[in-house]
Amino acid sequence: MTMATASKSTSQGAGRKIDLQVIGPVVALIALILIGMALNSNFLSYANITNVLARSAFIGIIAVGMTFVITAGGLDLSVGSMAAFVAGLMILTMNTLTENMGVSLPVILLGIALALGAGLIAGIINGVLITRVGIEAFIVTLGTMGIYRSLITWLADGGTLSLGFEMRELYRPVYYGGIAGISWPIIAFAVVAIIGEIVMRHTAFGRHCAAIGSNERVARYSSIAVLKVRLATYALLGLLVGFAVVMYVPRLGSASASTGLLWELEAIAAVIIGGTLLKGGFGRVWGTVVGVLILSLIGNILNLTDFVSPYLNGAIQGAVIILAVVMQRKSASDR
Amino acid sequence: MADPILALRGVDKSFGPVQVLHGVDFELRPGEIHALIGENGAGKSTTMKIIAGYYDATAGETLWQGKPIRFQSSDDAEALGIVMIHQEFNLAEHLGVDQNVFLGRELKRGWRLDHKAMRARTSELLDRLECNIDPSAQVSRISVPSKQMVEIAKALSRDLRVLVMDEPTAVLTERDCEILFRQIERLRDEGVAILYTSHKLSEVKRVCDRVTVLRDGAMVRSEMVADITEDEMAAAMVGRELSDLYPAKAVPQDEVMLEVEGLSVPGIIENASLTLRRGEVLGIGGLVGSGRTELAEAIAGLRPRTGQVRLMGEPLPAGEVRTAMERGLVYLTEDRKNAGLLLDKGARENLTLALLDRFGKLLIDRKAEEAALDRAIEEFAIRIPERGMPVGNLSGGNQQKLLLAKTLLSKPQVILIDEPTRGIDIGTKQQIYGLISRLAAEGHAIIMISSEMPELIGIVSRALVMHDGRVVGELQGDDVNEGAIVRLAMGLGETSTEAVA
Chain A
1 MTMATASKST SQGAGRKIDL QVIGPVVALI ALILIGMALN SNFLSYANIT NVLARSAFIG
61 IIAVGMTFVI TAGGLDLSVG SMAAFVAGLM ILTMNTLTEN MGVSLPVILL GIALALGAGL
121 IAGIINGVLI TRVGIEAFIV TLGTMGIYRS LITWLADGGT LSLGFEMREL YRPVYYGGIA
181 GISWPIIAFA VVAIIGEIVM RHTAFGRHCA AIGSNERVAR YSSIAVLKVR LATYALLGLL
241 VGFAVVMYVP RLGSASASTG LLWELEAIAA VIIGGTLLKG GFGRVWGTVV GVLILSLIGN
301 ILNLTDFVSP YLNGAIQGAV IILAVVMQRK SASDR
Chain B
1 MADPILALRG VDKSFGPVQV LHGVDFELRP GEIHALIGEN GAGKSTTMKI IAGYYDATAG
61 ETLWQGKPIR FQSSDDAEAL GIVMIHQEFN LAEHLGVDQN VFLGRELKRG WRLDHKAMRA
121 RTSELLDRLE CNIDPSAQVS RISVPSKQMV EIAKALSRDL RVLVMDEPTA VLTERDCEIL
181 FRQIERLRDE GVAILYTSHK LSEVKRVCDR VTVLRDGAMV RSEMVADITE DEMAAAMVGR
241 ELSDLYPAKA VPQDEVMLEV EGLSVPGIIE NASLTLRRGE VLGIGGLVGS GRTELAEAIA
301 GLRPRTGQVR LMGEPLPAGE VRTAMERGLV YLTEDRKNAG LLLDKGAREN LTLALLDRFG
361 KLLIDRKAEE AALDRAIEEF AIRIPERGMP VGNLSGGNQQ KLLLAKTLLS KPQVILIDEP
421 TRGIDIGTKQ QIYGLISRLA AEGHAIIMIS SEMPELIGIV SRALVMHDGR VVGELQGDDV
481 NEGAIVRLAM GLGETSTEAV A
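Protein sequence lines correspond, in order, to chains A and B.
Here our numbering is used: the first residue of the first sequence is 1, the next is one more, and so on.
Here our numbering is used: the first residue of the second sequence is 1, the next is one more, and so on.
Rather than coming from a laboratory, the hints here were simulated on the basis of the structure.
Values in this document were obtained by computation on a predicted structure and should not be read as measured data.
Any given hint could turn out to be false.
Unchecked claim - According to the in silico footprint, chain A covers these stretches of chain B (three or more CB under 8 Å from chain A):
#1 203-209
#2 346-360
What the hints assert, rightly or not - In silico DSSO-like cross-links for lysine-lysine, where the CA-CA straight-line distance does not exceed 30 Å:
#3 B:Lys367 <-> B:Lys337
#4 B:Lys147 <-> B:Lys116
#5 B:Lys205 <-> B:Lys147
#6 B:Lys49 <-> B:Lys116
#7 B:Lys249 <-> B:Lys49
#8 B:Lys200 <-> B:Lys108
#9 A:Lys228 <-> B:Lys411
#10 B:Lys49 <-> B:Lys337
#11 B:Lys108 <-> A:Lys228
#12 A:Lys228 <-> B:Lys249
#13 B:Lys116 <-> B:Lys249
#14 B:Lys411 <-> B:Lys337
#15 B:Lys108 <-> B:Lys147
#16 B:Lys249 <-> A:Lys279
#17 B:Lys337 <-> A:Lys228
Every residue gets a Cβ at the ideal spot worked out from N, C-alpha and C, and that includes glycine.
So that you can see chain A by itself, here it is in the shape it has in the complex (with noise of 0.2 Å):
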């Protein structure tokens, strides 16, 4: 009896405290899908749900890793461009390896340990130049993604890279297939969120991210290694970039100029909708799964429907992230 009335009165506590900043982005999604359901029957088919989600996963991942720099107080402008040009040197490589080792299994692990090792390595020169040489991240960052956007061109020659056939019919399955009717990249992108809002919210590492992103002075005198956490931030995020292209490679089998183009505005978008604050110091990984789905789903709807242009996306996305920042500053200033 004491029991059922201790748990309904804590119930009854949280329910008080519900703010529009946890539940926002939560109920914008909720509202999305009934939408969905409405105007379209084909909706919430498999199909269309497992498109939506296996296209929102390079985003997705390369967004968790975005929340962990943005948390820290940090920015990354070159994930797009870092994507493309990963995704190319690694197409590159496995066709120079098919050349020598044949269509093998090796090749394509080879591969993937490139991706995500040029990955780890151009975040870490980010974090380095952030960290270790104090250049602002808005700057660095800048610059290295006209750096990889550039290189992946030239490395292209203006074209575009493709994976040689045979080998593309062997990594095929990484994006296409998948086990009990759901696709790798959702799993993936799924263990990365879980992983990711692990690591934030029960392990040192996030709280301090979420420490020098509120205020890094006080980090420092709590003797944090202040540069070593941001840089790290960067390094995981580099680490996802190259894991993203990991599975955007076999789903295309190409990369050219425009991989990735606007992929680490998407990111940031999807972080802030998701309800983490732009000037750091408090992040949330589900918020930033939320906000991808809520862009991804905004896409799809479009292009479900025809009273709305699909070109409109774009202005739609883009009224969205302004809003969900008009919230957050609203629940801030309430308190």
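The hints should help you fit chain B onto chain A, whose structure is shown.
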């Protein structure tokens, strides 16, 4: 006696959940110098800012010549002739004296500025104040007392009725104070109502007509100065006999815990040395900016340094704050809002921030954190209305206790404490003094930096005094007194360490 020109009736003021003024009644009369005194955090500044229109009272009313009035901003108050001179001057450093005096109310001829008229007017005002500042001089080039005169001239350039001055003598030498007092007395004779705060009771006794004492945001006494002694003022400020405030002094043991030899921080500290024993409370006095904080930060690894630091006999590497903490030396910052606590986070996150590796291996053990917070709340008597609330909403005293709990969580042996009681109420101060003395009695070694003379004198058994980046003197036992500390802090009469340098 003249009727009050400005009065507060039952004024309350809260910042968020923290109430800082409780029903303050207060009257200012023309031709009277009224002193407002109280400990730090008693509510003096808040009261002054309400009078001068910077803050709005939460409850109660302001009366102007007997009628209720509400100021929308300080501009409304200034329009009536109520001017506040802040402790940090409000002058545009790169403009001339005359440009500052007429800033925002420039005299014009047609659409052009009338430089000649403004310069002449400024010159007149400065003459009236008996000071010979060139009206065309750039403000950044004139001395601090001159700047204060410019502020007063600026106030005089309006129809001045009420002058509010926040610790005007804190930045002045004795001679400049005398000049200031003459000007204030002259203004009084002209019928201006003057409100004046100061920490120097002798000054209040000498200059003011009436004194009001604030304690913890409430008015506890208001008397004609002639009817109250300095001791009575002090007793009213702290609410008890001063001698009760400090616990018995700690007795140092023989074991040396910390040795600093020839420590330098480029451009800030030159060749500082000290020795600290088990059970000792060593004070560091000196003016703000004399290098006290930087010395402590350099020892704790928060600043690059040269020179030797030995902790319990072992050399401590420079610039490694983590190592220092793990080996048992911690620094409690003076700047709790910007360097001590994450104001937007809860007490739990703040408490364990520096020591997360002791709370769970891979994942943080939240239960252990909560338990640690329970212990801290009990041990340090921290009042937290709601457990998850951002610590920025706690009162200064509770923030300071939480910061102490956070700093002491690693169970350090050597503790460097910087301004432990800045901006907190007297009750919490007493608790903190008690804590420091208990820590020393338990065998910790403590360095306490403080700008508050009485607490330095009341707690430490030995004091170093710093001036301009150097340790200029050491005082022991009964020699630790206000006069000796001030003399050394001002750079007069260096003692023993001069020979070493």
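Tested hints:
Counting residues of the segment 203-209 of chain B whose C-beta lies closer than 8 Å to any C-beta of chain A gives 0; at least three are required, and the coverage claim is violated. Only when three residues or more bring their CB closer than 8 Å to a CB of chain A does the claim for the segment 346-360 of chain B stand; here the count is 5, and the claim holds. Under the criterion of a C-alpha separation no larger than 30 Å, the hint pairing Lys367 of chain B with Lys337 of chain B is consistent with the structure, at around 27 Å. The suggested pairing of Lys147 of chain B with Lys116 of chain B holds, with an alpha-carbon distance near 21 Å, which does not exceed 30 Å.
Distance restraint check for Lys205 of chain B and Lys147 of chain B: the Cα-Cα separation of roughly 25 Å lies within the 30 Å cut-off, and the hinted pair is therefore satisfied. Under the criterion of a C-alpha separation no larger than 30 Å, the hint pairing Lys49 of chain B with Lys116 of chain B is inconsistent with the structure, at around 34 Å. About 39 Å separates the Cα atoms of Lys249 of chain B and Lys49 of chain B, which puts this hinted pair outside 30 Å; it is violated. In summary, the hint linking Lys200 of chain B to Lys108 of chain B is not supported, as the alpha carbons are separated by about 43 Å, beyond the 30 Å threshold.
Proposed proximity of Lys228 of chain A and Lys411 of chain B is supported: the alpha carbons are some 26 Å apart, at most 30 Å. Distance hint between Lys49 of chain B and Lys337 of chain B is fulfilled; the C-alpha atoms sit about 22 Å from each other, no more than 30 Å. Using a Cα cut-off of 30 Å, the hinted pair Lys108 of chain B and Lys228 of chain A is violated, with the two alpha carbons roughly 59 Å apart. A distance of roughly 43 Å separates the Cα atoms of Lys228 of chain A and Lys249 of chain B; the hinted pair therefore is violated under the 30 Å criterion.
Taking the CA atoms of Lys116 of chain B and Lys249 of chain B, the gap is about 64 Å. The hint is violated against a cut of 30 Å. At most 30 Å may separate the alpha-carbon atoms for a hinted pair to count; Lys411 of chain B and Lys337 of chain B meet this at roughly 23 Å. For a cut-off of 30 Å, the pair hint linking Lys108 of chain B to Lys147 of chain B stands: about 25 Å separates their Cα positions. Straight-line distance between C-alpha atoms of Lys249 of chain B and Lys279 of chain A comes to about 47 Å, which puts the hinted pair past the 30 Å bound.
The straight-line distance between the Cα atoms of Lys337 of chain B and Lys228 of chain A is roughly 24 Å, inside the 30 Å bound, and the hint therefore holds.
In this structure, the hints that do not hold are numbers 1, 6, 7, 8, 11, 12, 13 and 16, in rising order.
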